[in-house]
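Both chains are given apart, each in its own frame, so use the hints to dock them into the complex.
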Amino acid sequence: MTRHLEIARLGKSFATPRGAFVAVEGFDLNLSDGEFVALIGHSGCGKSTVLSMVAGLTEPTTGGIALAGREIDGPGPDRGVVFQSPALLPWLSVLENVLLGVDQVFAHGTPAERRAIAEHHLHGVGLDLGDMLAKLPREISQGERQRVGIARALALAPKLLLLDEPFGMLDSLTRLELQDMLTALLARTRTTALMVTHDVDEALFLADRIAMMTKGPRARIGALVDVHLPRPRVREAVLEHPDYYGLREELISFLEHQDATPEARAERGLAVAEEIPGATPASQ
Amino acid sequence: MTPRSLSGAGKPLLELRGVAKHYGEGARRASVLSDVSLSIAEGEFVAVVGFSGTGKTTLVNLLAGLTTPDAGEVSLRGEPMRGPGPDRGFVFQSYALLPWMTVLENVRLAVDAVWGRRSRGERELRAREIVALVGLSHASEKRPRELSGGMRQRVALARALAQDPAILLLDEPLGALDALTRANLQRQLAGIALRQRKTVVLVTNDIDEALLLADRVVPLEPGASPGVGSRIRASFSVALPRPRDRTALNHDIEFRKLRNELTSHLLALAARRRAARPTDVPPLPPLEPRLRNAGLPRLVAR
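Protein sequence lines, in the order shown, are assigned to chains H and Y.
Here the first sequence is numbered in my numbering, starting from 170 and rising by one per residue.
Here the second sequence is numbered in my numbering, starting from 562 and rising by one per residue.
In isolation and in its complexed conformation, chain Y is listed as follows (with noise of 0.2 Å):
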């Protein structure tokens, strides 16, 4: 199978044009996005890479209408944002599941939103078929406190599927899960990506997950100088066919070359970051150290 889009060259569903974001104010004012512009084409998955503290859930948050630029425009199908809508999905990367409720409920309640008119028996089976879709029939009268964190957060994408959104915007849905899971539920996004044709924004900061499923990679480069908020300025699309299998990628000539570049670049913004730091050393004096005095520190609070 050949990637869906490779450049956002379709007409965009979603767009920032020239998009910049500050919080607080006077001493305090933190410019968090400088002229961002990202257009996502439909049936796109974009996954938006970067170092921490650079903006990315503000990204996510301006393309789910949950906040406003203070300058430039989001844009959904080409109309001005308004707000969040039941047509976009999110998955945070804290679970946000209602504690009480068992997983069927929890997904349940996301159904009930947008299938309100169906009949009772109908949503019920939607409900189920959607907690099948993540692998979790087996756990669906399980209430969160009694899952994993891999379990959790597939609870969590059940959620945001259940709404049968046309975009999907993902806010490092896997950061807090061990390897292997990981692993997992990233099999299972692929596929269901490719399935439901969905429109995806992932927001992650590893590479691997990005060249695994998405179409196209940007990265979130940070500011050049103090003051300066995030920007984007590359894209790099990602012809790998698809269903990607990881075992398989390794051996691939293209995803190494891709999986290198991004590397690069990415390390390079970080050393951009750090070229300002002055160089004078302190030297070393040349005092050997001495053990066998040195019994535990005493602590003395300040």
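Looking at chain H on its own, in the form it has when it is part of the complex (with noise of 0.2 Å):
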């Protein structure tokens, strides 16, 4: 298997008033060329900090992470990140906020070729690019707004997709949308992806492995499993496949112990005389 990115012993320690706060501990993943790997966890569990350091946006304390071979010292456009709020610039058209990476990464191109590229992968997201292209952020949807960032984020022709829950602000159709659009896309021009997500069927469908984040502090990878549902991923073939449920049940289990905890009850709120008399007993 060649290593495409390979995070090895990565730890993160925050300073706080009590001392260190050790928030990921001796985390090792490996992907292969082409690969999509989705990391599961709880809020908090450390999933973000792990996705920022690869991104090069915060400094790991322990550990370190190559990619293709380099060690990653900061961010750069290698990697394109997808954040959950797709943070365009406001002033900028769909057009323009796309071409801002472009113009950079391939300044040796003509413009209309940088143009071309950016509409190629407009075009590649779903977008109709008669007239979105001159429209602002604010003049279109949540759902499309997350379509250009991750056209901006692939235009670059990034070594690595970084997805940190890039559809956990859309309601719960326009994600299915979008998983359809991203898992087709990625099949097109095969770009290794990390995604970061809670959402057990999302991750079953983009992935073709899951890695599962025990609960902080010390968060590491609790477990891994393969996803060998067919490609490409066909939204009614995967949710027929056998193994489906399956797996589907694997990952809420993992989770649901994750969560089992007093600690971690307590922390969401969840009181002891949460339960109302006759309602539908508890799932754990």
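There could be a bad hint or two in this list.
What the hints assert, rightly or not - Below, in silico cross-link-like pairs of lysine to aspartate or glutamate (EDC-like), each with a Cα-Cα straight-line distance of 16 Å or less:
{"no.": "1", "chain 1": "H", "residue 1": "Lys328", "chain 2": "H", "residue 2": "Asp412"}
{"no.": "2", "chain 1": "Y", "residue 1": "Lys703", "chain 2": "Y", "residue 2": "Glu666"}
{"no.": "3", "chain 1": "Y", "residue 1": "Lys572", "chain 2": "Y", "residue 2": "Glu640"}
{"no.": "4", "chain 1": "H", "residue 1": "Lys304", "chain 2": "H", "residue 2": "Glu265"}
{"no.": "5", "chain 1": "Y", "residue 1": "Lys818", "chain 2": "H", "residue 2": "Glu405"}
{"no.": "6", "chain 1": "H", "residue 1": "Lys328", "chain 2": "H", "residue 2": "Glu194"}
{"no.": "7", "chain 1": "H", "residue 1": "Lys328", "chain 2": "H", "residue 2": "Asp247"}
{"no.": "8", "chain 1": "Y", "residue 1": "Lys818", "chain 2": "H", "residue 2": "Asp202"}
{"no.": "9", "chain 1": "Y", "residue 1": "Lys572", "chain 2": "Y", "residue 2": "Glu603"}
{"no.": "10", "chain 1": "H", "residue 1": "Lys328", "chain 2": "Y", "residue 2": "Glu849"}
{"no.": "11", "chain 1": "Y", "residue 1": "Lys818", "chain 2": "H", "residue 2": "Glu409"}
{"no.": "12", "chain 1": "H", "residue 1": "Lys328", "chain 2": "H", "residue 2": "Glu204"}
Claimed, not checked - Listed next, the stretches of chain Y that the computed footprint assigns to chain H, with coverage defined by at least 3 CB atoms under 8 Å from CB atoms of chain H:
{"no.": "13", "segment": "596-603"}
{"no.": "14", "segment": "608-616"}
{"no.": "15", "segment": "763-769"}
{"no.": "16", "segment": "813-822"}
{"no.": "17", "segment": "841-850"}
No lab work stands behind these hints, which were simulated from the structure alone.
Think of the CB as a built atom: it goes at the ideal place given N, C-alpha and C, for glycine as much as any other residue.
This is the structure:
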């Protein structure tokens, strides 16, 4: 297996008045070229911290990360990042938002070539080039903004796509639509991708492997699951695959086990007297 | 236990017949609903699912009597709808609690509105009962700002229940909550609907939530072309036994089948909406990215 992305003994501590808080410790993960790995875990478990270190936005305390054989040292256009909030520049049009990075990374091309790159990717994420290009972010829907965010990341031909809960702010149906779009898109571009999500169905639909993180502090990978569902992934076929619900259950039980500790319940405000008489018993 | 109603076959409690609704005029005219018909039987739990912007909130407002249709009829117990009333309780996605009142006081307000003739002691007791029903007794003296989103949402639900309405209209009441809090509130909602035999209309975009709670799922389908509002064409009966357990459902063949059918149905609607898109893809020029010279972009305001 070629190691396209190597994450070795990764750790991150934050200084607090009561001493160091170890958020992530001993995190190991390798991605081969073209692979899609989903990182799932509860909110606050440190999955975004890991992604942020791979993006080069946060410096690891221990361990290291290498992409295509070179150690990561700060952010760079070889890694495209898509955040939960699309973070488009509000005063730039859809086209200009994508061109901003394209003009830097393809400065050796002609303006017409750079525009073609931007349009190619905007089309690739399912946007209508006719009336979309000149619109400002506030004039388009949240789902469309997130499509622009993905086009912007892929337009730089990154070696790695990093997705931090990219569909977390969308309604669950728009979410399904964008998952369909993303899996079709990555099947064409063959971009290696690492995605943070807490949505089990999303992880199963998109990923080749799912890394389940333990609850922090000292969060690490608790288990890795191979998702053998055939590609290209088509919604109906995935949902009807005999292994689907078995895999789904494996992930859900892992997450519920992580959440069953008294500390975890207290943190979420799930008080003792939570259940009301006669209601369906808690599924734990 | 068997489902209470399968297909709205009983006498309709709430009914929409050929309802159309638009907003704005002239060039800004936007049709939201076109020819929507829906019958809801007494005691039935109906989930309305649809993509954002398909007019789900408009539909609930029509059922609440908060807005009137341009065409068609809205009726309640066979009579034309005459506006909002205490027989219908609402829960909105934004909690709309009074910030200066405690949990108990927010609920008391609703109790007082419908139980005005009862003694002070009786009303106090009733408010406490309902706060307990949504599992918030331990927080009854807290103010909304001291509560988590899930707890606030439970207060909003308690307030709606305090009116003891025959009909509960829930407009994405759990949309703003994290998955675990959401699952917990879904269990409570299922319990309340089952024990109190309420008629419930739940607007949601979550297929699992709809299947967990409803007797019937009705997709609100976007119009086939611009200028045409949403319609209701299909209805999915959810004949799963109650009480429904999320984990057990995962093994239920009928649940999986319904879940797959509904998901495919909704995605086909979305695909149809995008089908008109032109397909001439601008070809990708054969350029390799150059990373070394790429510093931070210069940002220039337009």
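Structure-based check of each hint:
no. : hint                : verdict
1   : H:Lys328 x H:Asp412 : violated, 31 Å
2   : Y:Lys703 x Y:Glu666 : holds, 10 Å
3   : Y:Lys572 x Y:Glu640 : holds, 13 Å
4   : H:Lys304 x H:Glu265 : holds, 10 Å
5   : Y:Lys818 x H:Glu405 : holds, 10 Å
6   : H:Lys328 x H:Glu194 : violated, 26 Å
7   : H:Lys328 x H:Asp247 : holds, 5 Å
8   : Y:Lys818 x H:Asp202 : violated, 35 Å
9   : Y:Lys572 x Y:Glu603 : holds, 7 Å
10  : H:Lys328 x Y:Glu849 : holds, 12 Å
11  : Y:Lys818 x H:Glu409 : holds, 8 Å
12  : H:Lys328 x H:Glu204 : holds, 11 Å
13  : 596-603             : violated (count 0)
14  : 608-616             : holds (count 5)
15  : 763-769             : holds (count 3)
16  : 813-822             : holds (count 3)
17  : 841-850             : holds (count 8)
Comparing the model with each earlier hint shows violations of hints 1, 6, 8, 13; every other hint is respected.
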